[in-house]
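Go ahead and model the full structure; you've got the sequences and the hints to work with.
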Amino acid sequence: MAWWHLVHLTRSGIISTSAPSDGPGPSTKTKRYTVYSNHWKNNPDYSKWIQKKDDYTATCKLCQADISIKKDSNEENDISKVELMCVFHNVTRGISYNSLDCQVRLAHAVYSDSIIAAKMFCGRTKAAAVARNVLAPYAQEQVVTQLKDAQYFSVGSDASNVGNIKTYPYAVQYFNTETGISKKVLDFYEDPFESSKDIFRKIKEVTEENDLKLTYECQKDIWEFVSKSLTHFDNSEEIDECKHEEVSEGYLYFVHNVISEFQVAILALESDACTVLEIDSEMRKLMSHLKNRLDDKFFG
Numbered sequence: 247m248a249w250w251h252l253v254h255l256t257r258s259g260i261i262s263t264s265a266p267s268d269g270p271g272p273s274t275k276t277k278r279y280t281v282y283s284n285h286w287k288n289n290p291d292y293s294k295w296i297q298k299k300d301d302y303t304a305t306c307k308l309c310q311a312d313i314s315i316k317k318d319s320n321e322e323n324d325i326s327k328v329e330l331m332c333v334f335h336n337v338t339r340g341i342s343y344n345s346l347d348c349q350v351r352l353a354h355a356v357y358s359d360s361i362i363a364a365k366m367f368c369g370r371t372k373a374a375a376v377a378r379n380v381l382a383p384y385a386q387e388q389v390v391t392q393l394k395d396a397q398y399f400s401v402g403s404d405a406s407n408v409g410n411i412k413t414y415p416y417a418v419q420y421f422n423t424e425t426g427i428s429k430k431v432l433d434f435y436e437d438p439f440e441s442s443k444d445i446f447r448k449i450k451e452v453t454e455e456n457d458l459k460l461t462y463e464c465q466k467d468i469w470e471f472v473s474k475s476l477t478h479f480d481n482s483e484e485i486d487e488c489k490h491e492e493v494s495e496g497y498l499y500f501v502h503n504v505i506s507e508f509q510v511a512i513l514a515l516e517s518d519a520c521t522v523l524e525i526d527s528e529m530r531k532l533m534s535h536l537k538n539r540l541d542d543k544f545f546g
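No gaps in the numbering here: position 74 of the sequence shown is 320 in our numbering, and each next residue is one more.
Note that these hints are calculated values from the structure, not bench results.
These figures come from a predicted structure and were not determined experimentally.
Just to be clear, a hint being listed does not mean it is correct.
Straight-line distance between alpha carbons at most 25 angstroms, and here's what the computed DSS-like set of lysine-lysine pairs gives [unchecked claim]:
1) Lys327 to Lys287
2) Lys394 to Lys459
3) Lys394 to Lys412
4) Lys430 to Lys412
5) Lys394 to Lys448
6) Lys448 to Lys459
7) Lys450 to Lys394
8) Lys412 to Lys365
9) Lys429 to Lys459
10) Lys327 to Lys298
11) Lys459 to Lys443
12) Lys412 to Lys450
13) Lys531 to Lys543
14) Lys394 to Lys429
15) Lys450 to Lys430
16) Lys394 to Lys372
17) Lys429 to Lys450
18) Lys365 to Lys327
19) Lys287 to Lys307
20) Lys298 to Lys287
21) Lys299 to Lys287
22) Lys430 to Lys443
23) Lys448 to Lys429
24) Lys430 to Lys394
25) Lys412 to Lys448
26) Lys429 to Lys412
Quick list of simulated restraints, FRET-style, between CB atoms [as the list claims (entries may be wrong)]:
27) Phe446 to Leu515: 49 to 59 angstroms
28) Phe421 to Lys543: 36 to 46 angstroms
29) Leu308 to Lys394: 24 to 34 angstroms
Backbone N, C-alpha and C define an ideal beta-carbon position, used for all residues, glycine too.
Written out as structure tokens, the structure is:
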């Protein structure tokens, strides 16, 4: 007597399959698929707050939080950790993503008795996705947190050509209480323009995107400190007793400052052997000296 496979889908997502047998056979094998169940919409305990996002994820209507329906075992977490560590190692050592494919195959052969090594898969495409979508955002978040704690930092950028693409790094230098002076790269972007204004504009955009301040009111703090210090020696009540210089005295100071230039010219012009050409030369020299004094604002 032939038996057919009997398949039964329950409300909880359990599929029961009985194997064909002419006599006493093995016990029924049950496999559980943890997916979103449409019956939850008819259940008053769930219908008010839960909604479907995809087959393995539900969304709370109240707080908009995503709820994972898929069972996350410790084994899956361990596999993800190992794959993440392999990608991190290659990135920090500057090793190509292509080598990860060979590295994983080697791990399957060397650690054949390890369940984690047997289920580990990390090729070039997956490694690049992990580096860009997991490691890079986390590293950027850590740098931003340290910059906010440090308050003061310097920014450096320099154009670099990669083929026909012009790229710029957003490099920062700051002081960390644990590691000392730190140098990190916060961002790396493409920009075809390389003028000073364009570089400043892009640096400003990256700074504001990461919620960093362009100024910490340094000049304001310095001015407040200086004003408080000068207030201690301020005698505003006795300011009328200070000596006031008249305008005529200012002219005398001006003449005293430039009299030496005139004295040299007068001595040259009063010479017995002075010619017309020498007079022209001395006058031009005097005008040049006076102009230089004006440009220097009579300093020195």
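Enumerated hints in conflict with the structure, sorted upward: Of the numbered hints, 1, 3, 8, 10, 16 do not hold.
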